[in-house]
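2 protein chains.
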Amino acid sequence: MGPVKVFGSAVFANAARVMACLEEVGVEYEVVEVDYMAKEHKGFKPLARNPFGQIPAFQDGDIMLFESRAIAKYVLRKHAKSAQDDLLRESNREEAAMVDMWTEVEAHHYFPAMATIFYECVVYPARLGTVPDKKIVDESLERLRKVLDVYEAHLSKAKSMFLAGDFFSFADLNHFPFTFHIMTATPHASLFDEYPHVKAWWERLMERPSLKKISAHMEIKP
Amino acid sequence: MGPVKVFGSAVFANAARVMACLEEVGVEYEVVEVDYMAKEHKGFKPLARNPFGQIPAFQDGDIMLFESRAIAKYVLRKHAKSAQDDLLRESNREEAAMVDMWTEVEAHHYFPAMATIFYECVVYPARLGTVPDKKIVDESLERLRKVLDVYEAHLSKAKSMFLAGDFFSFADLNHFPFTFHIMTATPHASLFDEYPHVKAWWERLMERPSLKKISAHMEIKP
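Residue numbers (the UniProt record's numbering), protein chains in the order written: chain A, 1 to 222; chain B, 1 to 222.
No wet-lab data here; the hints were simulated from the structure. Don't take each hint at face value.
Pairs involving identical chains hold if they fit within one copy or between any two copies, as the list cannot separate such chains.
[Claimed, not checked] List of simulated lysine to aspartate or glutamate pairs, EDC-like, C-alpha gap at most 16 Å:
| id | residue 1 | residue 2 |
| --- | --- | --- |
| 1 | 146 | 23 |
| 2 | 134 | 193 |
| 3 | 212 | 35 |
| 4 | 213 | 139 |
| 5 | 78 | 95 |
| 6 | 78 | 94 |
| 7 | 157 | 85 |
| 8 | 81 | 166 |
| 9 | 157 | 138 |
| 10 | 78 | 62 |
| 11 | 213 | 23 |
| 12 | 5 | 23 |
| 13 | 81 | 23 |
So here's chain A without its partners, still in its complex pose:
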């Protein structure tokens, strides 16, 4: 049996999430390119891999998965070396609850605001030739500011290095792909300067070898 396969390259934020987890646990993997622009991902084969026609999908022998957060958890559960190394912290109920809570905050508050800005400023212009809609971007920036207010208060009050406590976890890692794109591919990186604890947290995240390595493959080519 060869290495596990990730369908979709790291330039896709949700594929980058999966690869960052694979790097964290030190598992070899093969990246299978999906020609998104040619809509190959909506064709029959990738549709069998991901019925929603999205990136990524994942294969580990007979196991086929889609939904990046579910794939990531599968990888982390299978390969965590110790309770201390486990990014999900599932052997400690209270720590696991904190990891889950901030993972859900990312999914339902942080990601929706971030993703709208990224799509409007980068993806649609590249793919559809559009110009960013200032109203949509401004509304999302305002929404993101309200979310970052909560993060800033949490990180300064908790005096923790990371979101779920004094340990790097899946909750932190989930913020990586879209934050990286906002920081490097949009004109809105300076937003984080208004949130010193959030910015320091982000800089701690980017010290992780796994995230450094994946980010080198995430550059958006115009």
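Chain B: place on chain A using the hints.
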């Protein structure tokens, strides 16, 4: 130490999710009413419980949580009686991956379409006196149809009783609150008649004593 507390009543879909899990594991709980219309939930005290000013929040002794999916997992992990009863199936890596995958599908595909219809048809008219915007509702129904196409194919192909396999899981349960509202409080219940396997699955869900019990407290009062 008294029973655990859920802040927000079952009429709020995300509070209903938490209560359904508490019923599943047979844990006593106290419901603390939050006067949403009076914006109490945006006031100082509930803000300390849920920094996003949303419902629900949850308390188990010293542990305070928000984000309904994270609360639900905490409850299920703490009180699952056996591996067979565990709605998360975390003792079986492959089953857990299937539970996670369909839980994420609910969160990122099913819920966004469902919630938009519910808010447009029920919540905004009740709270703001608006009339449902036909264009928004129609777009969400179209989006929901595409999602239900995937569910119908999955449930008919897999020949499974439930989404993650032949066992009721957290993935199924997550669909309960918003589907119940769409089925009982909007004019769009008939949409499910087009999807016989999905409808049969929904009817199986509604046979669960936990969901029957909570649904009796979910009626939207005009």
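Consistency of the hints with the structure:
In this assembly of identical chains, residue 146 and residue 23 lie within 16 Å of each other by CA distance neither inside one copy nor across copies; the values are 32 Å within and 34 Å between. Taking CA atoms no more than 16 Å apart as the test, residue 134 paired with residue 193 passes in neither setting, with 21 Å inside one copy and 42 Å between copies. Taking the shortest alpha-carbon separations for residue 212 and residue 35, neither the intra-copy value of 25 Å nor the inter-copy value of 46 Å comes in at or below 16 Å. In this homomeric assembly, residue 213 and residue 139 never come within 16 Å of each other (Cα to Cα): the closest approach is 33 Å inside a single copy and 40 Å across copies.
Taking the shortest Cα distances, residue 78 and residue 95 sit within 16 Å of each other only across copies (13 Å), while inside one copy they are farther apart (19 Å). In this assembly of identical chains, the alpha carbons of residue 78 and residue 94 lie at most 16 Å apart only when taken from different copies (10 Å versus 21 Å within one copy). In this assembly of identical chains, residue 157 and residue 85 lie within 16 Å of each other by CA distance neither inside one copy nor across copies; the values are 25 Å within and 38 Å between. Taking CA atoms no more than 16 Å apart as the test, residue 81 paired with residue 166 passes in neither setting, with 19 Å inside one copy and 31 Å between copies.
Taking identical chains as interchangeable, the C-alpha atoms of residue 157 and residue 138 are never at most 16 Å apart, the minima being 28 Å within one chain and 44 Å between chains. Only within a single protomer do residue 78 and residue 62 lie at most 16 Å apart by alpha-carbon distance; the minimum there is 15 Å, versus 31 Å between protomers. Proximity of residue 213 and residue 23 under a CA criterion of 16 Å is satisfied intra-copy only: 8 Å inside one chain copy versus 45 Å between copies. Proximity of residue 5 and residue 23 under a CA criterion of 16 Å is satisfied intra-copy only: 13 Å inside one chain copy versus 40 Å between copies.
Taking the shortest alpha-carbon separations for residue 81 and residue 23, only the intra-copy value of 13 Å comes in at or below 16 Å, while the best inter-copy value is 35 Å.
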